[in-house]
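Turn these sequences into a full structure, and let the hints steer you where they fit.
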Amino acid sequence: MSDKKTIIFAEDTVHIAKLLKFKLEKEGFNLIHFPSGVGVTEGVIKYKPDLVMLDIMMPVKDGLTVLKELKSNPSIANIPVILLTANSHEEYVVKGLQLGAIDYILKPFASAELMLRIKNILKMR
Amino acid sequence: MFIYLGVFLVIHIDIFSFLALTIFALLIITYILVIQVVLLRLLHGYQTKQEQKFFAVWEERIFNYLEGDEKPQTLIKKIRRGKYIYLLRYLREFFLMLKGDDFAKLSSLINETKLQPFLLSYLQSGSPRKINEAAYFLGLAKSEASKRLLRKKLRSENASVFLSSALALARLNDIDAVFDIFRNARHFKFISKDSLLAILSEYTDDVCKPLFQNLKREKNVLIQSITITLFRHFKFYQAGEMVLKIMVYSPSKDVIIESIKFFSTIELFEASTALRSLITHPKAEIRSEVLKALAVLGDESFEQRIWDRMYDSEYEVQYNAVITLMKIIPGSEEKISRFAYGNLKDRAAAIARMVLSERNIKN
Numbered sequence: 001m002s003d004k005k006t007i008i009f010a011e012d013t014v015h016i017a018k019l020l021k022f023k024l025e026k027e028g029f030n031l032i033h034f035p036s037g038v039g040v041t042e043g044v045i046k047y048k049p050d051l052v053m054l055d056i057m058m059p060v061k062d063g064l065t066v067l068k069e070l071k072s073n074p075s076i077a078n079i080p081v082i083l084l085t086a087n088s089h090e091e092y093v094v095k096g097l098q099l100g101a102i103d104y105i106l107k108p109f110a111s112a113e114l115m116l117r118i119k120n121i122l123k124m125r
Numbered sequence: 001m002f003i004y005l006g007v008f009l010v011i012h013i014d015i016f017s018f019l020a021l022t023i024f025a026l027l028i029i030t031y032i033l034v035i036q037v038v039l040l041r042l043l044h045g046y047q048t049k050q051e052q053k054f055f056a057v058w059e060e061r062i063f064n065y066l067e068g069d070e071k072p073q074t075l076i077k078k079i080r081r082g083k084y085i086y087l088l089r090y091l092r093e094f095f096l097m098l099k100g101d102d103f104a105k106l107s108s109l110i111n112e113t114k115l116q117p118f119l120l121s122y123l124q125s126g127s128p129r130k131i132n133e134a135a136y137f138l139g140l141a142k143s144e145a146s147k148r149l150l151r152k153k154l155r156s157e158n159a160s161v162f163l164s165s166a167l168a169l170a171r172l173n174d175i176d177a178v179f180d181i182f183r184n185a186r187h188f189k190f191i192s193k194d195s196l197l198a199i200l201s202e203y204t205d206d207v208c209k210p211l212f213q214n215l216k217r218e219k220n221v222l223i224q225s226i227t228i229t230l231f232r233h234f235k236f237y238q239a240g241e242m243v244l245k246i247m248v249y250s251p252s253k254d255v256i257i258e259s260i261k262f263f264s265t266i267e268l269f270e271a272s273t274a275l276r277s278l279i280t281h282p283k284a285e286i287r288s289e290v291l292k293a294l295a296v297l298g299d300e301s302f303e304q305r306i307w308d309r310m311y312d313s314e315y316e317v318q319y320n321a322v323i324t325l326m327k328i329i330p331g332s333e334e335k336i337s338r339f340a341y342g343n344l345k346d347r348a349a350a351i352a353r354m355v356l357s358e359r360n361i362k363n
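Quick note, the sequences are listed as chains A and B, same order. Each residue of the first sequence is one higher than the one before, starting from 1 at the first, in our numbering. Each residue of the second sequence is one higher than the one before, starting from 1 at the first, in our numbering.
Wrong hints could be hidden among the right ones.
As the list claims (entries may be wrong) - Calculated lysine-lysine pairs in the DSSO-like style (CA-CA distance at most 30 Å, straight line):
1. 23(A) to 83(B)
2. 26(A) to 209(B)
3. 99(B) to 235(B)
4. 107(A) to 23(A)
5. 147(B) to 119(A)
6. 193(B) to 209(B)
7. 123(A) to 83(B)
8. 26(A) to 71(B)
9. 219(B) to 99(B)
10. 114(B) to 147(B)
11. 283(B) to 107(A)
12. 18(A) to 61(A)
13. 23(A) to 99(B)
14. 99(B) to 18(A)
15. 99(B) to 26(A)
16. 53(B) to 71(B)
17. 107(A) to 95(A)
18. 253(B) to 26(A)
19. 77(B) to 23(A)
20. 61(A) to 99(B)
21. 23(A) to 114(B)
22. 99(B) to 107(A)
It is worth saying that the hints were derived from the structure and are not from the lab.
Structure representation (structure tokens):
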């Protein structure tokens, strides 16, 4: 089995997701991308990733709903979750942290900072 | 010509032929419209395909550029001028979502390469679509070289050109342009306060100082109100005292409401004396806003006045009175609870019961 760390990333802006996939795969991670919140919980149950990154504002199913589902399922509740959100939606961050997210990144973000945070969280586990 | 044709037809042909001709003409028009729609769809499909093709070829090279040490000129040199617009559209999301080194690299793709003269030529074209597109990207990339042209575009009679140029200048943080934006916005009746605010909030808080200086002599209530809203947005504490003076003498509902919100945001306790007289203002929205501000400023000496507002004629004022009392008066929840359940037929008591019930649900 590969010892590559797996990250599930739910983000509706496709080019950004592709850029992060490119960067993370270069760093030796395996990234699975979902273009919305739909199917993320099932994906997490299936792939048991080391980390989940959720954009809060997504069509059909938002990041906070997915986070609630993840944290209410004991088999995946301990997987760390990072939230991504626009500067103007900071109030959702508090809600997300209360629901059990481990960290958050405000958009716009520097990809180097995001990479650093991902690595730190994975190192701590 | 059409009039002559109409007169000719009425004189020379009977009514049935006329009807037949009309139907025939309508059919021709429908046919032309259908062809136009089909052509537009085909064109759109072709452009989307071209864009996808471009993305497939260039995506990884752009990622490598963002990741590595390649010079922006080297990357742009490889792309044909005809494809520049695809590249820009591709970069749109990145401009909006990335900052730091990533953003610097994106900006230099525009500011240090042939993309800049390309966009400047778009900006000088007569097409509003091209101007808007150029203004959008030049603003995002903070292209200093575009400032002069963008300021000229502020004088455009086309509303979309004015708005896109104003937005670009705000993103460029061109402080000197802010008063031109105010001045020229007056030419467009349908440009709302909200759209102006959305543009001006793209400035950094550096914009507050000149606005502060201007507010001292500004008489236009719309500009006063927008300025105060921006002070609230940027939490510009320095303006508290002056806004207080303006609010006291202002006849404008908008200015008063924005001022109260501002005091609440910056927690200007000195404002509570001025709020004393506004709590009974004839306009319900102002009374309501005063109560919301008092919930933040927390002046207990208002207790009786707030209780009085529970009997206000407007529901929103009554509702906010209950909330404010519970927030600022220690032990008031018990008192309100007694009042709420001791006067079952009273409207104020019913609203109090509603607030208590909402509070229980939240807890």
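Against the structure, the hints come out as follows:
no., hint, verdict
1, 23(A) to 83(B), "holds, 25 Å"
2, 26(A) to 209(B), "violated, 46 Å"
3, 99(B) to 235(B), "holds, 23 Å"
4, 107(A) to 23(A), "holds, 17 Å"
5, 147(B) to 119(A), "violated, 41 Å"
6, 193(B) to 209(B), "holds, 21 Å"
7, 123(A) to 83(B), "violated, 43 Å"
8, 26(A) to 71(B), "holds, 21 Å"
9, 219(B) to 99(B), "violated, 39 Å"
10, 114(B) to 147(B), "holds, 17 Å"
11, 283(B) to 107(A), "violated, 40 Å"
12, 18(A) to 61(A), "holds, 20 Å"
13, 23(A) to 99(B), "holds, 16 Å"
14, 99(B) to 18(A), "holds, 17 Å"
15, 99(B) to 26(A), "holds, 20 Å"
16, 53(B) to 71(B), "holds, 24 Å"
17, 107(A) to 95(A), "holds, 17 Å"
18, 253(B) to 26(A), "violated, 58 Å"
19, 77(B) to 23(A), "holds, 24 Å"
20, 61(A) to 99(B), "holds, 27 Å"
21, 23(A) to 114(B), "holds, 27 Å"
22, 99(B) to 107(A), "holds, 8 Å"
When each numbered hint is compared with the structure, violations occur for hints 2, 5, 7, 9, 11, 18.
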